[in-house]
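Chains as they are written, first to last, in the working numbering: chain A, 1 to 116; chain B, 117 to 326; chain C, 327 to 385.
All clues stand as given, with none of them false.
Negatives, chain C to chain B, calculated, CB over 10 Å:
hint	residue
1	A330
2	S331
3	H332
4	D333
5	I334
Which residues of chain B face chain A? A few of them, derived with a C-beta cut under 10 Å, are:
hint	residue
6	G241
7	R242
8	W317
Read the hints as simulated data drawn from the structure, not as lab findings.
All values derive from a computational prediction rather than experimental measurement.
From the three backbone atoms N, C-alpha and C, an ideal C-beta is built for every residue, glycine too.
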Amino acid sequence: MDSPADKLLAAPIDLDPFARDLRRLDQALSGRVGADPENVERGLAALVLTVVELLRQLMERQALRRVEAGGLDDETIERLGRTLMALEQRMDELKETFGLSDDDLNLDLGPLGRLL
Amino acid sequence: MIWVYGICDRPELAAPRRPGLAQAPLDSLREQALLAVFTRHAHSLGEPDADALWAHERVVERLMTDRTVLPMRFGSTVADEAELRRFLVDRQATLAAALAGIAGRVELGVRILAQREDAGPVASGREYVLSKLRDGARADRVHEPLAALAADSRLQPPRGGEEVLRGAYLVDRSALSRFRAGVQRLQQAHPDVAILCTGPWPPYTFASGA
Amino acid sequence: MTVASHDIARRREVALVDLLDRLLAGGVVIGGDITLSIADVDLVYVSLRALITSVEGIR
Numbered sequence: 001m002d003s004p005a006d007k008l009l010a011a012p013i014d015l016d017p018f019a020r021d022l023r024r025l026d027q028a029l030s031g032r033v034g035a036d037p038e039n040v041e042r043g044l045a046a047l048v049l050t051v052v053e054l055l056r057q058l059m060e061r062q063a064l065r066r067v068e069a070g071g072l073d074d075e076t077i078e079r080l081g082r083t084l085m086a087l088e089q090r091m092d093e094l095k096e097t098f099g100l101s102d103d104d105l106n107l108d109l110g111p112l113g114r115l116l
Numbered sequence: 117m118i119w120v121y122g123i124c125d126r127p128e129l130a131a132p133r134r135p136g137l138a139q140a141p142l143d144s145l146r147e148q149a150l151l152a153v154f155t156r157h158a159h160s161l162g163e164p165d166a167d168a169l170w171a172h173e174r175v176v177e178r179l180m181t182d183r184t185v186l187p188m189r190f191g192s193t194v195a196d197e198a199e200l201r202r203f204l205v206d207r208q209a210t211l212a213a214a215l216a217g218i219a220g221r222v223e224l225g226v227r228i229l230a231q232r233e234d235a236g237p238v239a240s241g242r243e244y245v246l247s248k249l250r251d252g253a254r255a256d257r258v259h260e261p262l263a264a265l266a267a268d269s270r271l272q273p274p275r276g277g278e279e280v281l282r283g284a285y286l287v288d289r290s291a292l293s294r295f296r297a298g299v300q301r302l303q304q305a306h307p308d309v310a311i312l313c314t315g316p317w318p319p320y321t322f323a324s325g326a
Numbered sequence: 327m328t329v330a331s332h333d334i335a336r337r338r339e340v341a342l343v344d345l346l347d348r349l350l351a352g353g354v355v356i357g358g359d360i361t362l363s364i365a366d367v368d369l370v371y372v373s374l375r376a377l378i379t380s381v382e383g384i385r
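This is chain A alone, in the form it adopts within the complex (with noise of 0.2 Å):
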């Protein structure tokens, strides 16, 4: 196998903004989940929160598509963006109360496969 270096084909010069994911990612490693109990809790959060994403990212890509087909003044396309950015911080308000990062949210539905 190649070394873990050498799994980079392709990459810019300043690779800092590729590896700032590591110390999310290793808090989903470590302990960070307690007993069993906790477990349950955290996924039932996790799931709820995550169809909450969906919705919103679903509703996201529907308001920049009607944007992008035109017809929407000025003021229209203020509140959506305003809506939207509000929807966003909102969303992630919700997943620090939670201790929830972007990965918690990804969970697979077997069958139907990766929800995010």
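Once you have looked at the hints, place chains B and C on chain A.
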């Protein structure tokens, strides 16, 4: 406890003679057209660290050198061989189909970061929308040509911040250098983004439906 | 041509990020899962990736 590394085709081939996690020897279990490769452990393996991750990966990559392998998610364990066999029997059809879909192919990862002109918070709703549309366009400009060089691709929603694309591409081994050249060409054509391509990886992303 | 050791460490880190993404969220899943069901009807199959820290899973 049994730690599973992958499900392979060519079940007539024995497990490679090399250690897996915790230096345990590799063993295998055959069920018709499938072969599961695993190690046995008397105790829990404790908290996983980077070395354990690479150890799992090394086994999967070694298997990839002479057969097609559906990689197992890290941490895939069962109590005993009976349970493993039941799994293979229950999922025989989907596993075989998944193996056929990845035969002769590898996974390449692509991450794209946009260099943001304005580092500050977005000033208005309109700016937010425009910025997202720009990101989407940037991502498409790179994703479309790369997808054309791959047998399959999966995009994740970008992780926010500077990231505009996070994708996995299933590429024929024979097309690997063409794909890599494609990435380099696209990077030159689009200096406003930073493109990272890693691999070749076993096809984890394309195995997770199985 | 020598590559600075910092560069190699960085490259290893970047590769590790992509590996983690795959090992923890990809691959075939077996063991350590929860099925959420109501009235004995299996509704959602949840793979709690965080549980890999306890290798023996939920017993």
